[in-house]
Amino acid sequence: MNEQRRQVLQMLAEGKITADEAERLIDALAREQPEPAAPGSKVRPKYLRVLVNSTELGGPGKVNVRVPLQLLRAGVRLTSLIPQDALGQVNLQLHRSGVPIDLTQLKPQQLEDLIEHLDDITVDVDSPEGKVQVFCE
Amino acid sequence: MIPQLVTVRSRGRDGRRRRFFIPVLPVLLVLSPLLLLAVLAGLVACVVFRINPGGALRGVGQVLLALPGSQFEIEEGRTAFLVSVR
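Respectively, the protein sequence lines represent chains L and G. Residue numbers for the first sequence follow the numbering used here, so the first one is 1 and each next one is one higher. Residue numbers for the second sequence follow the numbering used here, so the first one is 1001 and each next one is one higher.
Where hints are given, some of them may not hold.
So the derived label-pair ranges between C-beta atoms look like this [as the list claims (entries may be wrong)]:
no. : chain 1 : residue 1 : chain 2 : residue 2 : range
1   : L       : LEU94     : G       : VAL1027   : 37 to 43 Å
2   : L       : ILE101    : G       : PRO1026   : 41 to 47 Å
3   : G       : THR1079   : L       : GLN89     : 36 to 42 Å
4   : G       : ARG1086   : L       : LYS131    : 25 to 31 Å
5   : L       : THR122    : G       : PRO1033   : 46 to 52 Å
6   : L       : ARG44     : G       : PRO1033   : 38 to 44 Å
Listed next, the in silico DMTMM-like pairs over lysine to aspartate or glutamate satisfying Cα-Cα at most 25 Å (straight line) [claimed, not checked]:
no. : chain 1 : residue 1 : chain 2 : residue 2
7   : L       : LYS62     : G       : GLU1075
8   : L       : LYS131    : G       : GLU1073
9   : L       : LYS46     : L       : GLU116
These are calculated hints, taken from the structure and not from any lab test. Yeah, the Cβ is synthetic: ideal placement off N, Cα and C, and Gly gets one too.
Taking the hints into account, I'd like the entire structure generated from these sequences.
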């Protein structure tokens, strides 16, 4: 809710204007400032792109990786097939290596939510040795 | 849609370029007897490791269906390597 609309409602609550006047004011505000497009209407990105331009290691280097987000989702769904015994063994090894992460607590739905929101992520690293960009397109 | 064409390009230190176009469906048809054996071996492995075979097949299928559009390209100095799935 924007500030002007809040002020109109505040005036209505304080009895300074009537309900009809408030309605007319809110309609006028809506005409001046049309609502932004619904979030679902924007074009969803389809690919995760990783671009690396480097001047290290002798000659100029370039990495260009394009991964369909659908592929990430399918890969995440595959993780749900890992048996509990295997997850237990991985957890044990992670603890021994000083990484206290419990993979059994990581649910496929959480991973899918993570991928769902990947399209909002943009990573841009610029340094004299090179440039790294991670984004969705 | 399953992948239709895999393109592999490489450029060696001598600057020589190589390109391979792999039509997936004909190659799968030619290799189908081996593929059948691989699927059977995979199903046995699923039973041994107590993984749901149906879920595994569905998961692998989803990964295959999602492959088109993938691209991996790396260049370093004069050498380069590219794999693209369409």
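Against the structure, the hints:
Range check, L/LEU94 to G/VAL1027: Cβ separation about 39 Å, and the 37 to 43 Å hint holds. Evaluation of the 41 to 47 Å hint for L/ILE101 and G/PRO1026 yields a pass: the beta carbon distance comes to about 44 Å. Under the hint 36 to 42 Å, the C-beta atoms of G/THR1079 and L/GLN89, about 39 Å apart, fit the expected range. At about 28 Å, the CB distance of G/ARG1086 to L/LYS131 agrees with the hint of 25 to 31 Å.
Taken as a hint, the range 46 to 52 Å holds for the pair L/THR122 and G/PRO1033, whose Cβ atoms sit roughly 47 Å apart. Range check, L/ARG44 to G/PRO1033: Cβ separation about 40 Å, and the 38 to 44 Å hint holds. Under the criterion of a C-alpha separation no larger than 25 Å, the hint pairing L/LYS62 with G/GLU1075 is consistent with the structure, at around 5 Å. In summary, the hint linking L/LYS131 to G/GLU1073 is supported, as the alpha carbons are separated by about 16 Å, within the 25 Å threshold.
Taking the CA atoms of L/LYS46 and L/GLU116, the gap is about 11 Å. The hint holds against a cut of 25 Å.
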